[in-house]
Every structure is written in structure tokens, then in C-alpha cells.
Amino acid sequence: MALTRRYLHLLRPVFSARLLTTASTSPISIETSLPFTGHNIDPPSRSVQTSPHELLSFFRDMALMRRMEIAADSLYKAKLIRGFCHLYDGQEAVAIGMEAAITRKDCIITAYRDHCLFLGRGGTLLEAFAELMGRKDGCSKGKGGSMHFYKKESGFYGGHGIVGAQIPLGCGLAFAQKYSKDDNVTFMMYGDGAANQGQLFEALNMAALWDLPAILVCENNHYGMGTAEWRAAKSPSYFKRGDYVPGLKVDGMDALAVKQACKFAKEHALKNGPIILEMDTYRYHGHSMSDPGSTYRTRDEISGIRQERDPVERIRKLILAHDLATEKEMKDTEKEIRKEVDEAIAKAKEIPSPDPAELFTNVYVKGLGVEAFGADRKELRAVLP
Amino acid sequence: MAAALLHGVGSTTPLSSVNYNNSRRSLPERKRASFLIQCYGSLLPGSKIGINRAAKLSTNAVTTKQDNVTASTTSKPGHELLLFEALREGLEEEMERDPRVCVMGEDVGHYGGSYKVTKGLADKYGDLRVLDTPIAENSFTGMGIGAAMTGLRPIVEGMNMGFLLLAFNQISNNCGMLHYTSGGQFEIPIVIRGPGGVGRQLGAEHSQRLESYFQSIPGIQMVACSTPYNAKGLMKAAIRSDNPVILFEHVLLYNLKERVPDEEYVLNLEEAEMVRMGEHVTILTYSRMRYHVMQAAKTLVNKGYDPEVIDIRSLKPFDLHTIGNSVKKTHRVVIVEECMRTGGIGASLTASINEHFHDYLDAPIVCLSSQDVPTPYAGTLEDWTVVQPAQIVATVEQLCQ
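As you go down the protein sequences, you meet chains C and H in turn. The numbers in UniProt numbering rise by one with no breaks, and the one at position 373 of the first sequence is 373. The numbers in UniProt numbering rise by one with no breaks, and the one at position 220 of the second sequence is 220.
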């Protein structure tokens, strides 16, 4: 939604843009594919209010995210992206559904699988690709990399490499929201692998103790790198792990179900404190680009899910079923998206690497007055402002 | 251009300011535009490039009032405070001044703090602003950092610095690095404070000397307070600083009494304190060892030596300016610290002084640190774990032969 609006003024009027601008916002009611399962809470209803405009924007945004991740895959293989690259394709519905339910004042914090969430929060393709390739116009000036995307003004707090360390940080974000008494919530996202971290339970305890407006979202893609969830967790029902904290299990491949759940969770968190959402989702790629993704699961499993539960396909079928666009129009949208992504990559390739001087900037905030170089400093008298 | 320096009560303020000005003018100047290229050059051993960036330096956290140059001798009487009260006073003044300042830690609220530093604050500011956390150091430190990312200014109290080892991941990865990896988007104005050091037979796990563990973390500043005067000033400076600051206190120093000025003052986070001027040898110290050194200094003076004692206060970055001036004068250095011998603050300082002031040294630097052992429980053994004044006297005598 918000994502597509950002692009509208950049595009020359073509099919999809015209489609979106003329699409009506009259409400349609659609049933989610699966019912919600609640733990210590009554789940919300299965019927979701949406509109043609929303569905079309879902399609466009998810297709964009999918294309970006696939392009990142080729860039990695071409050695333009180095290090670790964790791809989100297959899980787009979680990002899109969440964005549809909240505002930019709510905070999102996640782990290292953050490219699509960054886009969803208003990041541009150019910033994303520049950061991935380590160029100076990336969102973190090329100094963060794939695992450190941040966008402070849109409430996207990253982008963290250590599994589970973002959960206490998210608790802090929720604490600050409670402290300043603004009616916003924090979505703390983590995976099924991180769900076994002690920090999570410590943070849960604190959030529940002080009624912080925190929503813990477990993106359960069933594999913690190479270990299946049943081999790592005694109780893989992550939404029940909160015990006294209510939980909700959601079909994470259905963007509308995610939207409904997030809306419900936001209302709950503002009144009653934390809630856990478990998004049952799946990633097509391996854990990262260094992991083929096929040693611990079968290709049949991956293609099975792609055929039956793919989030983009689901929205496409919904659009066709409700006659909101033709097959050709959607194919044109996808072609356009492909072009957009290719253009962004071409532009990003031309951006230079950061200046060597940037090695020392931003280590300290300007308070120290020198770019730091270890424990020694040559000159340290500070001047009164 | 000169910043006024507020020294401790009884120290020789005018002389030190003159010292600074003279030495700054004597350092060769380079144009600011090519500063960072010289950065590389200056890392090479043997180079003595001094860069005069005083004109560009301006900080939020280090204001010192110009008119208080001779504060120690003004007519205002000041008031007597114990060190923990001084910390509390500094904390309270900052909380009064800025509503974003909040405290979190174990037993800081209703209990008043295990060392009474936050006593009475919860009644005054409420339970959310002076937050009693459960015993989950990793998470509440992470929580403080997350809150700091949004603009709050939390002060995280570790009941003992040793417990902060549990929060090391949060301190190292998030606290220190977020400003850098986000390309400058997030500032983390957090203060992490707590007592450490060898106390009265508290046992190995509660008597850890671990300043050096945090020393390599890029992006944080470390300071150690030693008197009520500098405790209050450093606390205020740390809270006002936009960088993450770790403030090391010492369990045995909480009941020290001193007269502090009535008017508001903030100390410089990166400055060392000249405790006693002298000519024969420079003794660098911090925290509790300052008192052992001063005790040894009395003996040394009686024996005819004239030691210069500097309380380095800033553990990261080192105040090489003050230290350098002192080394150039005395040509001999003894470092007395409570940190571990291996990889300790003293080790780092030794390397640093050797690198920058090698030509000015007449003798190798002697570093007296505590022993590389877990602190034993038995009283006599515990005494021998840390440096005693007798050892300091013997070392100085040997060095000055």
C-alpha cells in the first residue's frame, strides 16, 4: 500500500499504475485459508475486510519483494554481494500483511532476514542494492551490509546479526513507547531458531510484567538453518510458549490472515500487554546463500509448498477470482517490476564504494570530536560550545 | 579556544592550565582537510603528529563553566557528601533537567539501590522512570539499548560489574556498534554503571576487575570515578554524552566523604586528573588504587622523592595529552592499577605510552597490576591480590635509582 504509493509518482503511467489508481477502495470480505488458533485468547474472525486497491497493491509489493530477492541471489552468485545474504522469498506475506495493519509510527525490529521488511517500511530498491553491494549510498552508508538495514524515520530498527539479541532491544522500543505514552506498538520478529533463546523468555517476562505494547512475532519457517524445528525444540508450538502471555497461530503464507492477526494483536497489545504471533511460513532459499537448502529437506517439499501455498500465487488467484485485473495486466506488472529492479541494480552498480575516511566516521557521535582510532588519542581537549 | 578545567578541591588549577596551553602550541599543526589521511600515518610507530583540532571540537557532554576556574577557592562553602550521595545527586540533577533520563536495574527502585545510589528516586519519579528489573542482565541491558535507540537516555545499573558479563553481547554488539552499522542513524546515549573491584572478602565472582574486557569494544567510552567530586561530575557528563559510556565505580569507595561545590558542574569525560604535581616519576592510577598511591606518596615524600600522581579517570580513550606532558617532564612512569595483569588497562596504557613517548623515557615503564588470579576469600590472600602501598614505594625507589 504505502510502498506502492511511493513508486506511483516514479512510474510512467502503465497498466498497473492505472489499475491501482482506478481501483476502488470498496470493501470486499474474504475468508482466510485457515482458521486462527489461539492460546489463552479468543482468536479473531476468519473473515478479513479488504479492498481491490489493497489486493492489487499486495500483489505488486509482494512481486517486487520476490523479484528483489531473486535478483540478490544472482548478484551474490556474481560475487557482487559478499558475506552473508539471507533471503526472504516465500515469506513475503508476513511483511506485507504486517505493513497493511500498522502505521509508520509503530516500530518493527527483526533479525538478519531484513531486506523485504526494509522495503515494506519505505526503503527504496536503490538503497537496498547499494547497501548489499557495499556502496556509499546504501541505507547504512555501505558499512552495515545485508544484516544491518535500518530506517529510523519509518520505525524500522533493523537488521541484527546475533540470533535473539534483537528481542531485548525490541522490549526497549516498547518500553520507550510506554514511557512516552504514544499509542504505538513494537513488533519484535524472530525465527523458530531464536525461539529457544533465553533472552526471549527474559524479555517476555519483562514485557508482561510491565504491560509493554510489545508483539512478538515468530516467523516459523520450520528450519533453524539446517535443523528442523522438531529436532531443536521440545515444544514446537511457539505461540504457546508464552504460557501466561496469549498467543495466536497464523497461516503466514496468507497475507490477509497476517493482516487480520496483526491488527488484532495491535489492539490487544495497547490494552493488555504482550502477545505472541506465530506465523507459519516457509522459505524457498536455504538459510543464506551459503546454504544450498536441500541437504536437510527434499526438493519435493519445497516445490510442493510453492505449488500449494505460495503467497504471491494466492493473491493472484484472489485477484482473478474477483475480477480485479486480467492475467495479462498482472503479467505486465511483473515485467515492469523486473525492469524496475534491473534499473535499480544498474544504478547501484555505478555508485562508488565509501571513501576510506568513512572507516572512522560514526564510531562515536560527534561528542568526542575525533574520529576514533583505538584507546589512544592525540588531541583531546574539548572546547566549550 | 582554551577550555577551562575544573579540578578537584585542593589541586593546583592555574599551573595545569598553563601546562596545557603551552604544550598544545608546541604540537605541530596540520590542516584539517587532510586529517584522516594522516590518521593512517599517525598510526605508524615513531610518528609524532599532533593535530590541533581544538577549534573544531565541540561537545555536548563536556561543558565546564568558564567562571569556575578557581572554584576550589571561591567563597561558596560547598557541602559534604559521601561518594554514593554524590552519584545520587548527579543522577537526580540530570533526571530533573531532562525527562528522558531514566534508570533501570535490579533493586534500584523500591529498595533504593544495593549501594543506596538511587535511594528515594523511585518515590520522586515513579516506578517506570526508576525501574526495578528482574534478574535478567542480558535482557534489561538490551532493553536499555533499545530504549536509547528511540531517544530515551537510560542508565543501566549492574549490581556488580561482574554481572554485566552476562550482558556482554548486548554491550559489545548493540551498544557499541549500532551507531556505526546503521551509518549514523541511531545514537545510543546510554550509561552503564556499577561497582566492581576487590571488596571485603566478597569472593572471586563478586570481586572481578574487568575493565579491560570492555576496552576493545569500538564505540563506547569508559570512565572510572574515584572521589565524590569526580563521581558526580563524571556521572553528569556520562548522562549528557551522546555516546554509550561505561562508568566504573568501586565497592570500597562508596563511603568516602568530600566537600563538593554547591553550584552545578560537569567534568570532562576524556580528561585525566592531576592529583599531585611532581618531578621525579609519573604514577598513573585510577579508582581505588589512587588512595594506595597517595599513601605511598606520603612515604616517598618523606624519603625525599617527588612523585607526580595522575588519576587517569578516562579508561577509553586515554588522556595521552596529560600523560604525555607528564612523561616529558619526569621521564619515568609507574602504572598502578587494580585491573588484571594480562591484557589489562595498564598493559594497554604501557603499549600506548611506549608507542607515543618512547623517546622521552629514561627507563622501562613499570606496571603494577593485581595478580592474574581469581580473588581469594581469605583476607590476607585478598590483600596480596591487589597492589599495596609498600610495593609502590619499593618500585619507585628502584626506578629512581
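Honestly, the hints are just simulated from the structure, not real lab data. Possibly wrong hints are sitting among the right ones.
To give an idea of the interface, some chain H residues facing chain C are shown, with a C-beta separation under 10 Å as derived from the structure [to be verified]: (1) P134; (2) S139; (3) G162; (4) G176; (5) T342.
A virtual CB, placed ideally from N, CA and C, is assigned to each residue, including glycine.
Inset, instruction - Return the numbers of the hints above that this structure violates; sort them in rising order. - result: 3, 5
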